[in-house]
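Engineer: The primary structure of each chain is shown beneath.
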Amino acid sequence: MEEIKEQIGHMPRIGEPAPAFEAVTTHGKLKLEDFKGSWLILFSHPADFTPVCTTEFIAFTEIHPELQKRGVELLGLSVDSVSSHIAWARNVEEKTKVKIPFPIIADLNKEVSLAYGMIHPGQSKTETVRCVFIIDPNQIIRTILYYPLTTGRNMDEILRIIDALQTTDKNAVATPANWRPGDMVVVPPPNTQEMAEERLKQGYECTDWYLCKKKL
Amino acid sequence: MACISPDGKPTESGSKMLRALQAGLKSPEEISNEAGLPLFRVRSGLRELTEAGLASQKGDRYELSPKGGEVLGASST
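Going line by line, the protein sequences match chains A and B. For the first sequence, position 176 matches number 176 in this note's numbering, and the numbering has no gaps at all. Take any residue in the second sequence, note its place counting from 1, add 1000, and you have its number in this note's numbering.
Hints are computed from structural coordinates only; laboratory data are not their basis. Cβ coordinates follow ideal geometry from the N, Cα and C atoms, glycine included. Each statement offered as a hint is correct.
Just the calculated beta-carbon pair ranges, DEER-fashion:
| # | chain 1 | residue 1 | chain 2 | residue 2 | range |
| --- | --- | --- | --- | --- | --- |
| 1 | A | E198 | B | G1036 | 47 to 57 Å |
| 2 | A | E62 | B | S1027 | 31 to 41 Å |
| 3 | B | N1033 | A | A177 | 34 to 44 Å |
| 4 | A | E66 | B | R1061 | 24 to 34 Å |
| 5 | B | P1066 | A | R13 | 47 to 57 Å |
Simulated pairs of lysine to aspartate or glutamate, EDC-like, Cα-Cα distance not exceeding 20 Å:
| # | chain 1 | residue 1 | chain 2 | residue 2 |
| --- | --- | --- | --- | --- |
| 6 | A | K170 | A | D136 |
| 7 | A | K110 | A | E22 |
| 8 | A | K29 | B | D1007 |
| 9 | B | K1009 | B | E1070 |
| 10 | A | K69 | B | E1030 |
| 11 | A | K31 | B | E1048 |
| 12 | A | K69 | B | E1029 |
| 13 | A | K69 | B | E1034 |
| 14 | A | K29 | B | E1048 |
| 15 | A | K36 | B | E1029 |
| 16 | A | K99 | A | E62 |
| 17 | A | K31 | B | E1029 |
| 18 | B | K1016 | B | E1034 |
| 19 | A | K31 | B | E1051 |
| 20 | A | K170 | A | D183 |
| 21 | B | K1067 | B | E1048 |
| 22 | A | K29 | B | E1029 |
| 23 | A | K29 | B | E1051 |
| 24 | A | K69 | A | E157 |
| 25 | B | K1009 | B | E1063 |
| 26 | A | K99 | B | E1012 |
| 27 | A | K69 | A | D163 |
| 28 | B | K1009 | B | E1048 |
| 29 | B | K1016 | B | E1070 |
| 30 | A | K36 | B | D1060 |
| 31 | A | K36 | B | E1048 |
| 32 | A | K31 | B | D1060 |
| 33 | A | K29 | B | E1012 |
| 34 | A | K213 | A | D169 |
| 35 | A | K213 | A | D163 |
| 36 | A | K36 | B | E1030 |
| 37 | B | K1058 | B | E1030 |
| 38 | B | K1016 | B | E1051 |
| 39 | A | K36 | A | D136 |
| 40 | B | K1067 | B | E1051 |
Construct all of the structure, not just a fragment, from the sequences and the given hints.
Structural biologist: Structural data, given as structure tokens:
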């Protein structure tokens, strides 16, 4: 356990550059920099041929067209071999008619898993937990989600986060709790007393000077 | 290798990229549009094709090498 804890070292954080990697995948050798200019969802699953992971891969495939519309690529990862990934993807297609369209990293030496803090020894010393890293076109980590081995991820939330991040970037606003595209957005809070007073005259829907919303 | 099979022949995606290069120098973005492949696949594929001597890089753009032309001709016959 101590040895694994030492290997984990630095955990990536939101706002930091995503750790660079070159990895063997089901689509050949890929580098992080190959995704420059696109949004990237890098996600890990515990193991191939396991039930929750299979439901997640089907669900990720189902949202893949929506992600493509938003300029987002998907990249899976587990500590399994390429042969295992290929066999599992073929099995999923045979049994469910769902063809997995995105690459999956075969991280047998755990190089990427450890760089991204995907191994949580309290859950498993050998398998990655269910991580989601949302990386922007400049390769900065914008969101990190961790789910335990027993809980499958929520695709609606992943799409919602992408929509929220892209809306935030485009309009310099923030998004309130449970925000959905089309809902009002939060205007950034004022930094000075003058701005706070002006804020109340700008036609926003304000609860008070620090909480104002507007339609986009 | 995603673009070149173990027998040295280009795969379907490798052939698509080589065909896109037939008309001259292209950027990865242009190849991606023409070949209908995601940009990340094109970038990694160009590394493979260049290492195998089937394409060459000039600045930010790529072109078909004489060997790439031969391989493409042989694979289409």
